[in-house]
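Chemist: Whole structure, please, built from the sequences with the hints as guidance.
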Amino acid sequence: MEYEICDKVFLKVSPWKGILRFGKQEKLSPRYIGPYEIIERIGPLAYRLALPAELSQIHDVFHVSMLRRYRSDPSHVIHEQEVEISEELTYMEEPAEILDRSVRKLRNKEIPMVKVRWTHHSPREALGRLKSI
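For the sequence shown, UniProt numbering gives the first residue as 1, with consecutive numbering after it.
Worth double-checking, as some hints may not be accurate.
FRET-style restraints, in silico, Cβ to Cβ [to be verified]:
id	residue 1	residue 2	range
1	Asp100	Ile42	24 to 32 Å
2	Ile58	Asn108	56 to 64 Å
3	Arg31	Glu97	24 to 32 Å
4	Met113	Pro52	38 to 46 Å
The list that follows gives simulated cross-link-like pairs (lysine to aspartate or glutamate, DMTMM-like), each with its CA atoms no further than 20 Å apart [claimed, not checked]:
id	residue 1	residue 2
5	Lys8	Asp73
6	Lys105	Asp60
7	Lys115	Glu97
8	Lys109	Asp60
Since the hints were made in silico from the structure, they are not lab data. Here a beta-carbon is modelled for each residue, glycine too, at the ideal position from N, C-alpha and C.
Modeler: Printed below as a string of structure tokens:
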């Protein structure tokens, strides 16, 4: 895989257990961080990235196997005008549309289930199981 200067890439942070571990040791730690801009091609398989100051303790040249191309998606960007943040630094999500519905039977009970696409989320993020209402 080849990249151009100014391309954005994600950086793989845990190729093996215990190596390049960033942040806290959590169960759901990210596999990739970024995106970061490529600022120089060092060789046929190595690239220098523009890393932020908090990652200054690691070397900024990486093998292509540690990189994954970032494809910009306008749905990933949430404009601050669209989200009202309260004093507690929370915001209210509102349902945008119901994607699927069903009724689940449990012995003598019926439970209505729906799959909802929320505002500021793409339909891909609604994939998964139906939730009870």
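Chemist: If a hint holds in the structure, say so; if it doesn't, say that too.
Modeler: How the hints compare with the structure:
In this structure, Asp100 and Ile42 break the distance hint of 24 to 32 Å, their C-beta atoms being roughly 49 Å apart. Distance hint check: the CB atoms of Ile58 and Asn108 are about 59 Å apart, consistent with the given range 56 to 64 Å. Hint check: Arg31 to Glu97, Cβ distance near 31 Å, so the stated range 24 to 32 Å holds. Take Met113 and Pro52: their Cβ atoms lie about 43 Å apart, and the range 38 to 46 Å holds.
A hinted pair counts as satisfied when its Cα atoms are at most 20 Å apart, and Lys8 with Asp73 qualifies at roughly 12 Å. Using a Cα cut-off of 20 Å, the hinted pair Lys105 and Asp60 is violated, with the two alpha carbons roughly 56 Å apart. Taking the CA atoms of Lys115 and Glu97, the gap is about 9 Å. The hint holds against a cut of 20 Å. Simply put, Lys109 and Asp60 have alpha-carbon atoms about 59 Å apart, too far for the 20 Å limit, and the pair is violated.
Going down the numbered hints, you'll see the structure goes against 1, 6 and 8, while the others check out.
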